[in-house]
Amino acid sequence: MAPTLRIDPRDARPIWRQIEENVQHLVARGALPPGASVPSVRDLARELQVNPATVSKAYQRLTDAGVLSVRRGEGTFVSDTPPPVSDSRRNGRLQEEATRYASLAVTLGASREEALATLDAAWSGLTNGGAGSESSELEGEEA
Amino acid sequence: MKGFLAVFERELAERRLLAAMGLGFGIVAVVLPLLPGFQRTGSTLAELRGGLAFAVALLLSALTAVYLGGSILASDLVERRLGFYFARPLSGWALWSGKIAAAVVLTFGTGLLALLPAVLFGGDLSLAGYWSLNRMGQPEGFFNVGVGLLFLLFAANAVSVMVRSRSPWIAADMGALILVWAVLWSAWYRLVLAGVVDLARKPQGVDSVARAWAVWVWGPLAALAAAGAAQVLLGRTDLRRAHRALSATLWSLLLALGIASQVFTLWMVSAGPGDLAGVTQAVAAPAGSSPWIAITGPAMNRSGYNPGFLYNVDSGRVVRAGFGLASRWWEAPVRISADGRRAVWLEYQERPFSSPLVLHRLDLDRPGARPVATAISYQGIYQSMPKGFALSPDGRRIAAVRDDRLTVDDVATGRLLASVRLTGDLWSSRPAFVGPDHIRLYQFAARPSPPKPPFTPLDYDLDISELDLATGMMATTGRLSGVRGFVGIPSPNGSRIIMRTRDQLQLHDARTGEPLAVLGASKKASASFLSGGRIAVTNPSALGGALELRVLAPDGVAELRRFRFENAKELIPVDQPSPGSLRVVTSGTEDPRSPWEVRLLDLETGGVQSQGTRELAALVPPDDDHETRISLEGKQGVVWTELSTLRKRVILKDSGTD
Amino acid sequence: MNPIVLEGLTVRYGDRLALDNVSFAVPEGSVYALLGRNGAGKSSLIRCLLGEQRPASGRALLLDRNVWTERALALEEVGVVSEEPDAPPAMTARQLSRFCSRLYRTWDAAGLEARLRRFGVSATTPFGKLSKGQKGQVSLALALASSPRLLVLDDPTLGLDAVARKAVFEELIGELADRGITVFITTHDLAGVERIADRVGVLRAGRLVLDEEMETLKTRFRRVSFPRSQAAGAARLEALAPVAVAARGWEVEAVVSNYDEESFSASRLGGEDGEDPEVSVLTLEEIFIALTGEVQEVKA
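Residue numbers (our numbering), protein chains in the order written: chain A, 53 to 195; chain B, 1074 to 1731; chain C, 1387 to 1686.
Just so you know, the hints here were simulated from the structure itself, not pulled from any lab data. Check the hints yourself; a few may be wrong.
What the hints assert, rightly or not - Simulated DEER-style distance windows between Cβ atoms: (1) C/R1480 / A/D60: 53 to 59 Å; (2) C/T1455 / B/L1078: 19 to 25 Å; (3) C/R1440 / B/W1340: 37 to 43 Å; (4) A/D60 / C/S1409: 31 to 37 Å; (5) C/V1391 / A/D60: 31 to 37 Å; (6) B/L1250 / C/G1545: 40 to 46 Å; (7) C/E1470 / A/D60: 30 to 36 Å; (8) B/L1078 / C/R1445: 29 to 35 Å; (9) B/V1391 / C/T1455: 52 to 58 Å; (10) C/R1445 / B/A1329: 28 to 34 Å; (11) C/R1480 / B/L1078: 14 to 20 Å; (12) B/G1248 / C/V1391: 41 to 47 Å.
Glycine included, C-beta positions come from ideal geometry on N, C-alpha and C.
Required output: the full structure, derived from the provided sequences and hints.
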């Protein structure tokens, strides 16, 4: 079965954006390898319980960006050569999450060094698990 | 159309059970008479089956009509299930008509199915001898039943919605019902009082009451149907709004019907002399004494409505008087006194034929006088209605034969002055005043069977008796032999009478009946009394082509004067402006509508003076083609045939003319 | 052509105004969610929309037809699921299908039966004997079987358990994906409709206080929380022009409807000892409560 996406109503991003970026991340992480099939607009909409127009918009943008490609009569697939995530968006995303992490650390009373060290450890943990990690869920924040 | 069919078929399918029930009960009706305990009270098996089946069918249909009428729309409305239909592309019309059509089919269907086994197994459905229901078993009866069932259906819907909506609007419904009922009933009752509903009168022209009937039957039905449609089309899914739409439509339509009924009734009873198809009865005072004449006849297009009028030929004044209803075609119960000052007549107190006849009077010499009901009334139905009642010359006393008595009353006070039991033939008894205190009574000596009206050629003997009011005693005074009914012309003082006896015009002593003289031998001869006891006799001239008027002495023999009128086909004495003169009218044709020539005859000198021609209103009976109308406008007098004497008479208009 | 257009719809019951000059349009192919508390006028609006009631003024157009005067024509391509699913109780789903098939130009009886199987509802049980949820599902199946261009749903998930609710949404989404229908839905299930609606309308006391795209709505509403201790709170609060304010023991929460990321950060409510106020996204339910709930005092 395809990897599961979650839609978060508390996320500031519109739903189509969430879908778009989630797919991009899955592709970037390798959880969706090139050439893998993606659920149809209909199926994904039903599964996520969202408006198909929303899924359609996300898919359209992904197709335009070259992340997905549509093969007539066969369905939608990850393109063979997905482009990397664009710099500005990538950077913005990184910055957002970093700000969030930093704010959390401050709230918990951690020092800068402690925060960095913890981050380092987490990074190692991820890369040590490898690109072929089974876990494909986008991890939520642990408050 | 497809929506209608879908609803219609669905409703039928859901209620298949009713059909089964109809058939089942029909079979029971066929089987029941076969059971041992079932007694046959003189009817055949077929009649029993037919009667039972009919009763069952009627009952089932009625119950179905009420049940379906009250539930097929109302239940869905009350239980809020109409939303299902209104959320579909189904028009309000299709919904309403589909459901109603199904209800109608089921109502009549259950009845017919209940009748079916009886028909198949030889039941007698004509109900000839069994139930004695009026017109049941005949097509008309079925039609009435059908209308009744439809009414039940629509009314059940209306009542069901009104009651189940539990809205205060129902109080308004009740009020409206009472109002509408009052309006309709009062219009209806006025028609009953006018005698156009109960009586089988021959309609002249359009039978408007029959048409009104159709409106009264179908009108409320249509109003109920329209109200039901409005309930669906305007109220849609909301119960209270549906109730309001239903009520508003129903009561406004019924009120309109009520108002139309009132207008119709008003039109009916406002018939004037000009609306008469013909005059069947005209009664006037003795010649020359009064310009008033009482006329009655059927009104055009009014289903046999028979109004009565008192008409003043001089002034044209018309007074309505209700003797028309009490009139028979040979007798109008209205009299004008010999001095021309008073008219009396009989009017039904309330419902024609089932209420007493009350004597009314009108003082003709007072310009502002109105008809007044006296205290004298005659009870009874047709047979015992006073026949031949007579008014004294001064108009103060009234004599009438009622049942087996001759009664004399004082008109003004209503006091009974005399009441004498009669023997002899009551049907033919006719009173006549001889002065204010004596009443002469004529009766057939041997009763003919059946009694014949005055102008059929049969010879009778008349017994003459006289009642003395002072003594209250009645005695036989004589007999008239060989006379033709009551076509008798009395002399002004009552001492002599002219009768048609054995084809001749004869002068008799009025008291003893003794023949005194033959006045004329021709069938066309007619006679009248002049002042001083002289007699004027009119015959066709022996030479032909002309009419003769002979003035005879009181003995009826000696000829005093003779006048000859060339080319005259009709000659009618009118009045005597002075004792020495006689005014007559003549006409060259037999058509009374042609102009008449007025002539003044000088009885002393034999001179004839022409006074010009006049057009007279002919008061003739209705034609078969229902076209005749009485036209009084612009005429200078009236001419009619007096039924009590079989003479033609004329009243000339004397005010401001000539 | 907008499948639904309401123009100046006003409904009165005696003196009470149930709907006050309500106007909006539902664009073709969109999902429009109408929200409102009980008694806000939703039922009156739906009744006017379906031609069951005549508005005191204004009109409702379905597929460009005045629905009061041309109801039967207007409903030819519209599927309706009422709040209280009604149908003749003696009729089974199959009989209802046969009845309705005669009213529409196209009718997919097989598809209806398949849908019922998916729902797990029997096609041969009399309608009156079904549970409320099952009745609603049958109604939905009947509404979809005519392949309508427009679906009007009045609280279709009321009384349904989570599984049934999911099934209903899945059917709707399937139709949306397959045929691009327009959906008009009133509901109390704000979480469910949040993901699926393109546009939102909010009725409050008969007035339409909101008629907006879901995306922009969620973008401009934010909750701003800052500690009570911040002395300049009251002034700051007023400067935000909040829609609703809630005072908790330790902080004050304000719901703002005019959030703009850039200008907000620019105005920097940080202040002297400033902890920056926390800005968080609101769910549709929270926005709804803020718009239609009690107005709370602004406490200094």
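(request) Any hints from earlier that this structure breaks? Give me their numbers in increasing order, please. (result) Violated hint: only 1; rest satisfied.
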